[in-house]
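Protein chains in written order, with the working numbering: chain A, 2 to 244; chain B, 996 to 1415.
Keep in mind the hints are simulated off the structure, nothing from the lab.
It cannot be assumed that every hint is accurate.
Computed spacing ranges between beta-carbons, pair by pair [said to hold, decoys possible]:
1. A:P231 with B:K1021: 25 to 31 Å
2. A:S145 with B:G1281: 40 to 46 Å
3. B:K1126 with A:H121: 52 to 58 Å
4. B:K1126 with A:I187: 56 to 62 Å
5. B:E1197 with A:V232: 47 to 53 Å
6. B:T1255 with A:E160: 50 to 56 Å
7. B:T1255 with A:H121: 32 to 38 Å
8. B:K1021 with A:K173: 30 to 36 Å
9. B:M996 with A:G9: 18 to 24 Å
In this text, a Cβ means the ideal position worked out from N, Cα and C, and glycines have one as well.
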Amino acid sequence: MTFYVTDGGEESFYTAVFECYNDSGGIITSKKDLQLELDSSARKVAPDTEKAMRVRKKIAQYDSAALNDIMLALRSCEENREQVAFEYIKLIIKHRRPVRGRSNIPAVLAMEDILHRVTHELHRFKGFLRFMENDRGVLYAPYSPDNDITDLLAPHFAERLRNQKFVIHDVKRKIAALYDGREIVICFADGADIYLSEYEQAFEELWKLYYKSVNIEERRHERQMKGYMPVRYWKFLPETNPD
Amino acid sequence: MLDAERLEILTESAKYDVSCSSSGSKRVNRDGGIGNASVGGICHSFTPDGRCISLLKLLLSNDCIYDCEYCPNRASADVRRATVTPEEVCELTINFYKRNYIEGLFLSSAVFGNPNKTMELLVRTVELLRKEYNFNGYIHLKGIPYADEALCMRAAKLVDRMSYNIELPSEKSLKLLAPQKTKESLLAPMKTLRDAAIYDRENRVKRAERAIPAGQTTQMIIGASPESDGAILKLTQALYRQMGLKRVYYSSYIPVVKSTKLPDKAAGLLREHRLYQADWLLRFYGFDVEELCGEGENLSAEYDPKCAWALKNLHLFPIEINRAPLDMLLRVPGIGARSAYRIMEARKFARLDFENLKKMRIILKRAKHFITCNGKFYGADGESTIRASLMLCEKNGGENEQLSLFSTTDEGMRALTGEL
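Here chain B stands alone, though its shape is the one from the complex (with noise of 0.2 Å):
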């Protein structure tokens, strides 16, 4: 069995990797195997740092041939070093999984030996997993760069989704701060899958065969290089729309390395967090990057980006409740996804005034500068004194009902909304 010792060292390395998502997979649990997969996700802790777990997230191994500048793990870093087998992670899966811990395993690893040989050794563990345990729930693999396409296919089809970390948002910081990896090393493995899931998806592969039921994600760290948001937006919008990733994760930068290519202080977390926003923005409201930020740019600090969008485009509002189309309520500060097709159900059997609004939870402290209903209007009158109103909100309490980003509630209507 897997010792406490080796345990905390592969769960800290493995730490940093962002993703924590079980979601977008439909494995059913087959011929008396054990598990299967919820499509929306669930979430089974929430540690002090407000993240959930989901997944088992561990590291194969932390000993690393490799010397990336940020990475704890790297070569030259003087740290405890383990390894595990194959057999003893499909133990502790297993174990953890039947007393309902977690949803499935996250599993990653350093690049020990050369980049196929651990490869190998994760498909194998993976392999096993489905196999021999017959464990059917969720898994989610990291790919590692240079390893052969053939080991890669392997694993995608096995697992529910895969991962490469694109680690910096230009190919330059990418060449200073992990000089062993390049652009195409990343970008390669991820065409491969995105050209595989295209496959299966036109030739109608059975579910069960499908590669990656899942899709892919990646995760870039923000803040030890010198990106703009906009530059880093723009990368995200194209990850979304050309690789057809399913997620883009942040990780605002923390120095756990000393090092004299990195800045010696954190990034901050509500830079990280105004990036989500805009992802949201990206990919469930509408939005293009172009009308977020500049290529230079960096998001507001002041707003959240929506609300600097809508301060800049004053002249578009304020719309009519009872009339506006579904795209536009979108666009309106304090109607999320989910008020916004609420109203467009309501209001096919009554005209809304602000009362119902106020019923439906629709945030109208701040929602009242850009909407009418029925003709009538409660907001600000000019721009400084709707920008002075919308500052207050954010100082008081806005914090809470942002970082909300995810609740969990029926499934069809989180599709729609973007919280899976």
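Okay, chain A solo, but in the shape it has when bound (with noise of 0.2 Å):
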């Protein structure tokens, strides 16, 4: 069994499709620190641009919207996110027609699984992310999502704040998207110093009380809230940090 180990990158992974395609133990992955067990070897995949072309021509040739689907899924924190789009990638060419919707095949659902964890915590990053503003007008957002979902998440807020200066972090990808009111710009960054604005702390002491005035006590249901903001997202937000 041969794994074709990619930088994480999709052109990377493209290349791998292509290298692996006729290789039928062939696994495709990202990880890092593989345990490569007796039969198995290891075959680092470097991005070859041209490889990939082919391979992305050949699937909107039949599917152009899965494209799209696996740029989605290589953004899972899963670890098998390369094979179960490359597994897709199979069906479709072998198929030679779109598979999605196919739910009697498991490879489909894996598929359709992964992307719905990606897609839905970008939705509730589009709620949960908090920004507080510094003293220079701009506003800043640590976070720390399961998916890699920064620069996707970007240009919600950029349409919405048009003019306004913000930077998204994820700390710990160490990945920030910044806004300067025209452009968005991915950059890697490690950490953050911030000097808050003389009225950040007013605001937040504001909305902490809002939260605690909405709140009807005799209707408690906190299961549900857990399932609907789940605890691993409460670091970030200041209505469940009480000082």
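Two chains, two frames, a set of hints: combine them into the complex.
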């Protein structure tokens, strides 16, 4: 069995699809600390623009929407994301048409599951992200999503806040989206020193008070609350962190 | 700036308004303003009662001239009173919005002075927010009964959604508990708004100029008055079908006010939950109220309304998963709208068996009594065995899956399945 190890990027993934396609025991992964068994070997796959292009073209020929789905699936935090996307591609090429909706095929369900988890989290953070304003009027939002969604999330806020500068910071992956009022730039960001504006504390306090006041104590239902808003997201929400 | 004490008073006064959704509008961010609306709605937080916070829910004032029995802000109540200015509301909305605390504003008010004065100030607040603050986020405005139609229409052109609360499920109860409001004072503005929306649609008015693009909703208190579930659902159905409402909200009665005209016990959440389940069946599963609940009857406490219907109609089952039409799939207990559409799609390509259904996360412990797959049947024999088996599902964790009426995923699908 051969592991085709990508660098985690799309280009490298499609190159691996090209190279692995006729290797029936081939597995694509981007796992860094791969544990090899006795009868298996690993091959590093460097991105090759031409090979990646050929694979993309082939897929688009049968299902033009699949490329976007694969882009999303590769953002997943699941370790087998590359392999799930690869199996899905093999099905599209075998059937020569979209396989979306064929819930009777396990590989299709696996792909839909991964997609759902990425898009669901993306949707959730449109609500759960919290900005704070610094002393120069820039909004800063630290967060730690399960999936790598920062560059997908940023356009939503650029559309909304339009002329407002902001930074969205995935502190676990050390990635930040910077918006200067015109365009979004994605960059590496290790730490950040934030000097809050003089009003920031006051608005945060008002928000916490609002959160407390709007709750109906007689209807307490924490299980439902945690179902909709998982505890792992609470760290960056002012309202769930009483001082 | 709005101080903490008034924010607390006016939030506490507004919190019994159930409506929280921010869906149904596609308002875009224009002219370098701030904000837009997301058609599927976005939840920004969840409070320990399990409800979502989407909008900043606030009263302009809780200083009321009316004396509705059930209301904590009624004129004769001894509570702290507060009023805010339109500027204060706008400033707080913008600052909360910028920080992504909220999706927009839900503004209501007690009636102070007179209805026109109150409505005028509500409309002024909305105008200020849209025009001066250039806010294009979501606004849900509560209408004030008896206010001029012209004021109502001025508001309708600016906001995404409006609602007049029907308050109680019958005219008789309204007379007893809210004697200063009449059925007519609530229904007349709802009709005006409905007709305005129909006019805009038929005359293809530009999206940006349409009145209440996200439609109207309403709310009623359950358990403060003696109406049966059947009567409540009949009213609900009429509000959907004749008044074109987007949502009817139910608020389970909590005795916050002591009164001889009111029960001294809370109505309980199960009844409210069953009503919401039935409400979903009316809107997205093709049911008529007559099938679910007779005029004077109540919904079953033991089974959800779809199970209860299926048990009464066992002669229609089992149905074959690979052949049954969509409207029958939708009626199978354990198959939700999303699953029904998934089955329709998947069976175009292959014959489905129980293993497929299980992988598609259909709740087989419930559905198996009502379906066959390729002619095979794995359900229980006879009505009493089925009843016992379903009763068991309801007890063991049935609650969890059913309370999750809202999940958040791709918007196209959500529109179909009624999660919006």
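**Asked** Taking each numbered hint in turn, which are not upheld by the structure, reported in ascending numerical order?
**Response** 3, 4, 7, 9
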